[in-house]
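Number of protein chains: 2
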Amino acid sequence: MSPKITTELLKQLRQVMKSPKYVREPVQAYIVPSGDAHQSEYIAPCDCRRAFISGFDGSAGTAIVTEQHAAMWTDGRYFLQAAHQMDNNWTLMKMGLKDTPTQEDWLVSVLPEGSKVGVDPFIIPADQWKRMSKALRSAGHDLVPIKENLVDTIWTDCPQRPCKPLLTLDLSYTGVSWRDKIVALRSKMSERKVLWFVVTALDEVAWLFNLRGSDVEYNPVFFAYAVIGMNTIRLFIDGDRMMDPAVREHLQLDSTLEPEFKIQVMPYGSILSELQAVGASLSPKEKVWLSDKASYALTEAIPKAYRYLTPYTPICIAKAVKNGSETEGMRRAHIKDAVALCELFNWLEKEVVPKGTVTEIIAADKAEEFRSQQKDFVELSFATISSTGPNGAIIHYKPVPETNRTLSVNEIYLLDSGAQYKDGTTDVTRTMHFGTPSAYEKECFTYVLKGHIAVSAAIFPNGTKGHLLDSFARSALWDCGLDYLHGTGHGVGSFLNVHEGPCGISYKTFADEPLEAGMIVSDEPGYYEDGSFGIRIENVVLVIPAETKYNFKSRGSLTFEPLTLVPIQTKMIDVNLLTQKECNWVNDYHQKCREVIGAELERQGRHEALQWLIRETEPLIRVQ
Amino acid sequence: MSPKITTELLKQLRQVMKSPKYVREPVQAYIVPSGDAHQSEYIAPCDCRRAFISGFDGSAGTAIVTEQHAAMWTDGRYFLQAAHQMDNNWTLMKMGLKDTPTQEDWLVSVLPEGSKVGVDPFIIPADQWKRMSKALRSAGHDLVPIKENLVDTIWTDCPQRPCKPLLTLDLSYTGVSWRDKIVALRSKMSERKVLWFVVTALDEVAWLFNLRGSDVEYNPVFFAYAVIGMNTIRLFIDGDRMMDPAVREHLQLDSTLEPEFKIQVMPYGSILSELQAVGASLSPKEKVWLSDKASYALTEAIPKAYRYLTPYTPICIAKAVKNGSETEGMRRAHIKDAVALCELFNWLEKEVVPKGTVTEIIAADKAEEFRSQQKDFVELSFATISSTGPNGAIIHYKPVPETNRTLSVNEIYLLDSGAQYKDGTTDVTRTMHFGTPSAYEKECFTYVLKGHIAVSAAIFPNGTKGHLLDSFARSALWDCGLDYLHGTGHGVGSFLNVHEGPCGISYKTFADEPLEAGMIVSDEPGYYEDGSFGIRIENVVLVIPAETKYNFKSRGSLTFEPLTLVPIQTKMIDVNLLTQKECNWVNDYHQKCREVIGAELERQGRHEALQWLIRETEPLIRVQ
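Here the protein sequences come in this chain order: A and B. Going by full-length UniProt numbering, the letters in the first sequence line up with residues 1 to 624, in that order. Going by full-length UniProt numbering, the letters in the second sequence line up with residues 1 to 624, in that order.
Treat the hints as calculated values from the structure; they're not laboratory data. We put the beta carbon where it would ideally sit given N, CA and C, even for glycine. Fair warning: there could be bad hints in the mix.
[What the hints assert, rightly or not] Just the calculated beta-carbon pair ranges, DEER-fashion: (1) B:403 with A:622: 45 to 55 Å; (2) A:551 with B:270: 54 to 64 Å; (3) B:463 with A:556: 31 to 41 Å; (4) A:517 with B:584: 31 to 41 Å; (5) B:102 with A:622: 53 to 63 Å.
[As the list claims (entries may be wrong)] A few chain B residues facing chain A, derived, Cβ under 10 Å: (6) 442; (7) 443; (8) 472; (9) 555; (10) 556.
Turn these sequences into a full structure, and let the hints guide you.
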């Protein structure tokens, strides 16, 4: 990996920073955040501006270029990678280390008095703008929005913004029509006394209209905004995608409709001017609802007195609670996904043990191959983490030729993978050994399993927030002085983003919404030993009502039902460390895997994988 | 309980709200918060202004008086009490109910355009001022500070501000001299690059100078402020308390000292002008450190650019970590406290069972009597909660003649009590039955006990925040659909306030600081059945290092050691619901009670109580 030479690019960027063609007044610094105009976690190639200007293409990082300096802020996961990918023009700012200045402090320390700092107002979220602007102003500088993205002006071979065909989802997948979703949204708007709602997150647009796209890898979304009024629906989207008869039919663009359900299709780029027109039309007490993570540009289009900002939008919250059709779809997707993994693990056992020719990349490709054989498979839901031995300890590992390791009978293998099917999204991690695990490896695996079970079997009152369950996942590890440095679970979309809000299970205190029946999250404790191995056991679980002996204040209780039905390798379990209750949980889980996945393997005529499943789901016996 | 007639008082208040003698311009509304100038939890009678003006004397409530209205905001604990204590002049605003307006919204709805709303700037914390001021301003009104408290101007028989003698604590109690505390504080100030630190909380002043007072009931504090510079120490305190030779000697007021340790004593009332002088003397980049909960008046004395505000002060954090002398003192205090409770419970068994003449008040008084016989007893640390049967379900119950119930062999009795000794502060809850508890009562008690043990025996990494342990206390209750609606634990002072920051164990997400070895918190899960009974099991526990098999990232682990050593009534335990590990915990705990408290009962010649202790600490036997 040799660094990208950026001398010429930086020279060009510094020129446009002073060019009256792009800036009203010269800016002495320009901020290049990662991220797109929708605050997406995964971004399209045309939005990888920070990677283009610096060479550093990790998932998190912010570049700032001044007349003299170029600096890159990123976190511990990427110190090494950033150092490798960037040339000497760049200073690496290691976030999380004590002596690393914040972006604001650094700017104040290097800028001449009364400087202007530019940023693309579409890329920076409103709350970040506010913080940075305040810090700069108090030091005598100004943060200024620059409409045209300055990196784009010098990015001559910038890829086109993707504009791929759309997929329409009918009621059998979504359970609720887009019309009914609009009705429900408008009722939430009435409750909060807002007249307009602006949809800025890509998965929220996709969910609202029961459409899917493929503009961004792994996320079945498409570039669009929507503005919903009490009597109007405006969809901002580019390309000839609205010419597709199936889409026109789905959105009833050519039907005679009640005016409040008539969708006005507008160019993607006209969102700002349209929103400004809305902002200008408001009377006192009329409000516009936006996510507080919406871009500064869109937020500013609405005068401050008229804004109604919330951390989670009503769509985000409605989307998180899956209806019957979505839940059934997720079940089907997880059954198909389990079939693919049974095939894979059976194949691995046959290949790894005697031949030793399977690498991490080959295993990942094989997993994709088996998944792609399943009905309604669309794509993977994230880059497969296929890691053996020490690579397993790198939590966000993705095998590349430079690091690619061969699976063997001597090392633990960790596979974290998932797919998008038309009926649901999967995300599953299994950790296994193809030879004989050491007592220590089994011990650690068993603590992780105990944590997994503690969350999965937890019963808790309605209204409980996920972060209150996080310690259950760690307790067995903590007892022995062990831990893992990531959260325990995230929300999972229904044929949508594999990571979604507003709920999760984490020690980090974020403003998560309470868990409700119908929500779907992951349960994925782990243990990682640097340089040796990684262990993680992940199921996707559905929040369901729990039957309890009593019912305090008639609140009702909740628990989880695993949707993922893939055997947990019993060879890795030290049965004597399990309680009888935990042992029963494993046996019940495996019984269900055998019944449900076994029937599907049978149906698909996958007899060898079925034999593997039966072997792997033999009950554990605990010696008292 | 008949309501206080406030017609005349409100008339007078409305007059002074317009009187040029007190207000520059008339105010159309006046806010009367509960609380004093130090944001204390417990306040002196002279600070009970809200109770004086309204009649409502619960611990939480805010009164707002306009020309037409008088309204009182309080929470669910006090709806009934407030309704009883206030006359028809007042509207009760039930906080937490959906339709109850916030104070800001209500003000906006009732005030004429362009109104002024007055408040005492010494009583309102700066963060509350900011929020209210912003809301009022955006509706065209103004929040204005009124220096003279308007309630005080009409409170003709207002009690004097207490000014009781001080108690000096020597090194054997405090472990660290006040000089060394000043040195440590200045080092924290250097680290954060601040030149001044303003001590506003009463317990922080007391801790810093190793002094105690009795100006506020239950809290051994005295009215004072301090301003610490890098070379100066200013103590703002009234009365002839500084004439006491012991205090002069302790503070070395008459010694020749290095100038940076010379304490300048100034009048309590001069804090504002002195702080304004400090504020006016600052050069750019010179900062003054204040709690973000300090009063608006003091915060405003420092120009905004010079303020350094934190939720927890360095004194608050240092005070929470007890040193060896403090820990030993806390141990001694808890041994004495346990002796008193063994005497009490032995006495109760003798009195309640055959005679049935003991009321909640008699039991509380008897508890105080036994405590007062112990060495270095000062006072109670809070109003004793002595409650039987349905009264036990009222979480903040305090027996009064109207509610006073007689203890019997048919009801559960809950006693939550504690004391201030010169060497430490105690807080303990025991729940017991003098007859035969029902199977259901035992079941509930046992779930609470399991939660208590789960916290007490928890092992967790250094750096863990207390709120991550809260669910451990609830898990056994949750499994059966039960719960309790309060936090699990609070910090406890060392011969200081029984509730102190910055740590605690609660499902409420507050900005708690991580637990460290030496911190002391309570562990007090409960279960309450309205109209029937209350159960709570509370120990004060010390955070100590834990030995673990492994040591991930060399972080080290922590656990708790109970300081409270009072038997937990085994009659209330359903042994079959305990695991063997839990059963062992109870037996080990009781063994320690027997050894440590038994020896002290022996030493004090309290033979009958010793016999009771031995009976009550018989080991549990679990039938497998």
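Taking the hints in turn, this is what the structure says about them:
1. B:403 with A:622: 45 to 55 Å: Since the Cβ atoms of residue 403 of chain B and residue 622 of chain A sit about 53 Å apart, the hinted range of 45 to 55 Å holds.
2. A:551 with B:270: 54 to 64 Å: The hint (54 to 64 Å, Cβ to Cβ) holds, given that residue 551 of chain A and residue 270 of chain B are roughly 59 Å apart.
3. B:463 with A:556: 31 to 41 Å: 35 Å, holds
4. A:517 with B:584: 31 to 41 Å: At roughly 38 Å between Cβ atoms, residue 584 of chain B and residue 517 of chain A fall inside 31 to 41 Å, so the hint holds.
5. B:102 with A:622: 53 to 63 Å: 56 Å, holds
6. 442: 14 Å, violated
7. 443: Nearest chain A Cβ about 9 Å off; hint holds.
8. 472: Hint holds; residue 472 of chain B Cβ to chain A Cβ min 7 Å, cut 10 Å.
9. 555: 8 Å, holds
10. 556: 8 Å, holds
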